[in-house]
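Enquirer: Can you build the whole structure from these sequences, using the hints too?
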Amino acid sequence: KQEVTQIPAALSVPEGENLVLNCSFTDSAIYNLQWFRQDPGKGLTSLLLIQSSQREQTSGRLNASLDKSSGRSTLYIAASQPGDSATYLCAVAGATNKLIFGTGTLLAVQP
Amino acid sequence: DAGVIQSPRHEVTEMGQEVTLRCKPISGHNSLFWYRQTMMRGLELLIYFNNNVPIDDSGMPEDRFSAKMPNASFSTLKIQPSEPRDSAVYFCASRLGGGTHEQYFGPGTRLTVT
Chain A
1 KQEVTQIPAA
11 LSVPEGENLV
21 LNCSFTDSAI
31 YNLQWFRQDP
41 GKGLTSLLLI
51 QSSQREQTSG
61 RLNASLDKSS
71 GRSTLYIAAS
81 QPGDSATYLC
91 AVAGATNKLI
101 FGTGTLLAVQ
111 P
Chain B
112 DAGVIQSPRH
122 EVTEMGQEVT
132 LRCKPISGHN
142 SLFWYRQTMM
152 RGLELLIYFN
162 NNVPIDDSGM
172 PEDRFSAKMP
182 NASFSTLKIQ
192 PSEPRDSAVY
202 FCASRLGGGT
212 HEQYFGPGTR
222 LTVT
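Chains as they are written, first to last, in the numbering used here: chain A, 1 to 111; chain B, 112 to 225.
It should be emphasised that the hints constitute simulated quantities derived from the structure, not laboratory data.
Backbone N, C-alpha and C fix where the C-beta goes; we use that ideal spot for every residue, glycine too.
Worth double-checking, as some hints may not be accurate.
[Said to hold, decoys possible] Examples of chain B residues lying across from chain A (beta carbon under 7 Å, computed):
#, residue
1, G153
2, L156
3, L157
4, E213
5, F216
6, G217
7, P218
8, G219
Expert: This is the structure:
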């Protein structure tokens, strides 16, 4: 059974700092890994999708990496801003077509 | 495109009442997913449809829960009778194509059962 873990559960950083969020999964047989952002009381916004054959994806200040063999992904946020404050979720999709979610990292960027 | 649309956004009901949540997927998407989010269990997949056909409903917690997709542009999730432990945020998501593609989420319905 696929299990997805995110560390840390919460993170507080000063504005301008670069930061890394971690995601690990137990079954390396995945189709892709998706990073989402969730603002309080809102839905999920897709940030980046990495296919199983890819090593990384970039969008603006965000860079996500994938190491399928070790069951790990990282989300790197450069030059963090207060507007980046949110919960970040990673999710993996496998042969069952289901997205299995991690428990999330609550990020607070202090101005 | 308006994205995935869900209604209502908030629902408060009394225990024992029937609740119906609605979802309109992104036009052209052929897969639709219903999720539930709680503090205790995080985000869980309840059921998903492919081309309007239920493919996997193993996440549906009990027979009180049922979902339908009568056509490509509409789906419902029904709880009858509702119980306080059903209180959660219910999300609908849609996807174009197979498992390698992104899922796009709606804003969710916050359900409170008193």
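Enquirer: Hints first: check each against the structure and report whether it holds.
Expert: Checked hints:
Given the 7 Å rule on beta carbons, the hint for G153 of chain B holds: about 5 Å separates it from the nearest Cβ of chain A. Residue-level restraint check for L156 of chain B holds (minimum Cβ-Cβ distance to chain A is 5 Å; threshold 7 Å). Taking 7 Å as the C-beta contact cut-off toward chain A, the hint placing L157 of chain B at the interface is violated, the least distance being around 11 Å. Look at E213 of chain B: its Cβ gets to within about 5 Å of chain A, closer than 7 Å, so that hint holds up.
Evaluation of the F216 of chain B hint against chain A yields a held restraint, the C-beta minimum of about 4 Å falling below 7 Å. Residue-level restraint check for G217 of chain B holds (minimum Cβ-Cβ distance to chain A is 6 Å; threshold 7 Å). Because the closest C-beta pair between P218 of chain B and chain A is about 4 Å apart, less than 7 Å, the hint holds. Taking 7 Å as the C-beta contact cut-off toward chain A, the hint placing G219 of chain B at the interface holds, the least distance being around 5 Å.
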